[in-house]
Amino acid sequence: MKRRHVFVSLFAMALATGCFGMAAPALALDDLRIIAPAKPGGGWDQTARSLSEVMAAMGAKGGTVENVPGAGGTVGLAQLIDQEKGKGNVLMVNGLVMMGAILTNKSPVTLDMTTPIARLTGEYEVIVVPAASELKTVNDLVAKLKADPGAVAFGGGSAGGTDHILAGLIAKAAGADVAKLNYVPFSGGGEALAAVMGGHVVAGISGYGEWAGQIKSGELRALAISSPERQAGIDIATLKEQGVDVDLANWRAIIAPPGLDDAQKNALLGAVDAAVKSDAWKKVLTEKNWTDLYLPGDDFGKLVAAENARTTEILKGIGLVQ
Amino acid sequence: MDSFLALMNGFATALTPINLMWSLVGVTLGTLIGILPGIGPALTIALLLPVTRNLDPTGAFIMFAGLYYGAMYGSSTTSILLNTPGESGSIMTAVEGNVMAKQGRGAAALSTAAIGSFVAGTLGTLALTFLAPIFVKLALLFGPAEYFSLMIMAFTTVSALLGASISRGVAALLLGLAFGLVGTDILTGQPRLVFGYPSLLRGIDIVVVAVGLFAVGEALFMASQSSLRTAEILPIKGSLFMTREEWRRSWKPWLRGTALGFPFGALPAGGTEIPTFLSYFLEKKLTKHPEEFGRGAIEGVAGPEAANNAAVAGVLVPLLALGLPTSATAAILLAAFEQYNLQPGPLLFSGSSTLVWGLIASLYIGNVMLLVLNLPLVGLWVRLLSIPQPLLYGGILVFSTLGVYSLSNSTFDLLLLFIVGIIGFLMRRHEFPVAPCIIGLILGPLAEAQFRRALSISQGDPSVFVTHPLSAVLLALAAAVIIVPIILRRVKHV
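Heads up: the protein sequence lines correspond to chains A and B, in order. If you read the first sequence in the working numbering, its first letter stands for residue 310, the second for the next number, and so on. If you read the second sequence in the working numbering, its first letter stands for residue 3, the second for the next number, and so on.
A couple of the hints might just be wrong.
Stated by the list, open to error - With a Cα cut of at most 27 Å, we get these calculated DSS-like pairs of lysine-lysine:
1) A/Lys455 x A/Lys489
2) B/Lys139 x A/Lys445
3) A/Lys525 x A/Lys591
4) A/Lys611 x A/Lys394
5) A/Lys453 x A/Lys525
6) B/Lys139 x A/Lys525
No wet-lab data here; the hints were simulated from the structure.
Make the full structure from the sequences, and use the hints.
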């Protein structure tokens, strides 16, 4: 059995070096586990799997990805806080969507009960209309929102998620009544996309990557992107340059369980830092079209607090949170 | 005939030995995961994605397509033999198929399922090859109002499953609707009926309820019967394969099931379950032997099995033509396309036509492979039923528990499985039909979400359901399904 184990490791190493073609500094992590608080295939799952692959190639042992789906990731969060407390070998992927879910679910567990490790990546959102729409610019959309917020049915992802938050922020910046925002959540990007393409809703909101193909082929018209400044290779004007003072990134991050001592925390910070700075991770970013938004440690903790305040305010305005 | 030429080139791509091997790997793996409830094609492809990173994209997609079809095949086997549906699309198959198996006609049920899936898969692939643009246009016509009316039409099919006592059937339906309310409300994100259990926030999974009601409920029921202690072995009656009569009764349901399944698969919120309900309902209405339904009618297996496989082909239409994923598996396939820097949509057909047509050609090949793989195995599979019943039902319990745990590694799901199992046992004991409960669970949340979306878009104006022409037609059809039989009965009595 021992011999077979060696063969398997050799094979894995051969694969890893074949994939990434680099000499990896060893990571001193044993039995690493990464929780993806979502079903396989989505953004959080892919983040967990990619990170685990990169960290395993750099010598971390284990690297299993566990999917704990449900309720915008709060089921996974509850597991991280209740069952993994004090374990220095566990990481969990999270993101802005989880923040909204914690608020709307009235979740008893929150992000400030965890140990923040780092924000990893992000994706900017696009606001689109069907090609045949009379709305040509964000200003047309804003004017329509001001006149009658209910008449602008936005289609997007889950209630209280990033798409919903952005719709609320735009309405607020436009000076429209946020409480009257008409946001229609769909399950899964495909359904929302079909609703926009079929002209069943006025406008759609989603991560840029998800709808990039339809924007390029001209079936959807992108009115704006939610990045602070223009993105290389994406020919879409930002909300800010069109006079709507909003920027929003759908960020994805990595957190650890509560109750870690400084040594455990520093080991995880160091391991993630080494992984994020590796060529293998850079390759993942280009392959998946993820924007690098690496922000480690306490700065990430401060960002979480700021984003939480903004999200709470807008979701209260919408009426999803009391 | 551009498509035809391109398809021939596709066959040239797919028929290389290495791609044939990937296809074989895909269909075999697919059959296996279909057999186990819980692990579905979506999860398997997600797990395989990192492994296939260095593979040639054509080979990888040929394998994934085989896996997708194979899962639907495998799932019908356990539905028929063990009353344990592995995927929600084969729940209806369990209804008639398992009764047939208990009468010793398991081989015929397996054969009609396998051949029906082959026919539907092949015709569905043909439709995908030549009619994709039409179905894409049709799919985009459906907005929330149209979907709601479609759900209402699907609800009428429950009448075929109510059984002898209407009040018991309706009670089962209402139980299913209540199960469907549990979890996070999709339109507001608020928790409903979760009673403080975070695990309930994600709702009650259809597979958990289906396996609980069908498999666990039945195992408990059998254990409570004194006949089980005599360890009776189920006999295998008649010929292993289908008789001439069974062929005659199967081929029309295959074709009708295909016609129902394919368009549903192409709809962004269609799914594989609803066409199986419609197909079962249609076959019960059209058959010359309505008295056999519920007692092992082969049409009730042939139709729904064709429908779920045709729906799988349908799912590929919006995925390839628009880059629009309409199921969890399609969403993963989309991620796989992105991994290879391919962007599905009109540009895919022009930019990577070798891959697309190779994939489509491999669907034909995968279908043939599945038939070759499955038909000879039918004789072997039915032997499962010659296991003495106490062991067989013990095995089914282990197998169901394992499958449901693999769904999301949650012990809470296991608890739920056995609670639902006990409910299923009580329902059987007091002669409540279980199928309406599943239909309520599947259709209820969909209908509610679409209804509220439609009203949100119309800003509260309910007339949208009749002013949208397509929606009005669907509602009229639903009304006709209910009213016409009543009128016919009156006319006959006069």
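Quiz item: Looking at the structure, which of the earlier hints fail to hold?
Solution: none
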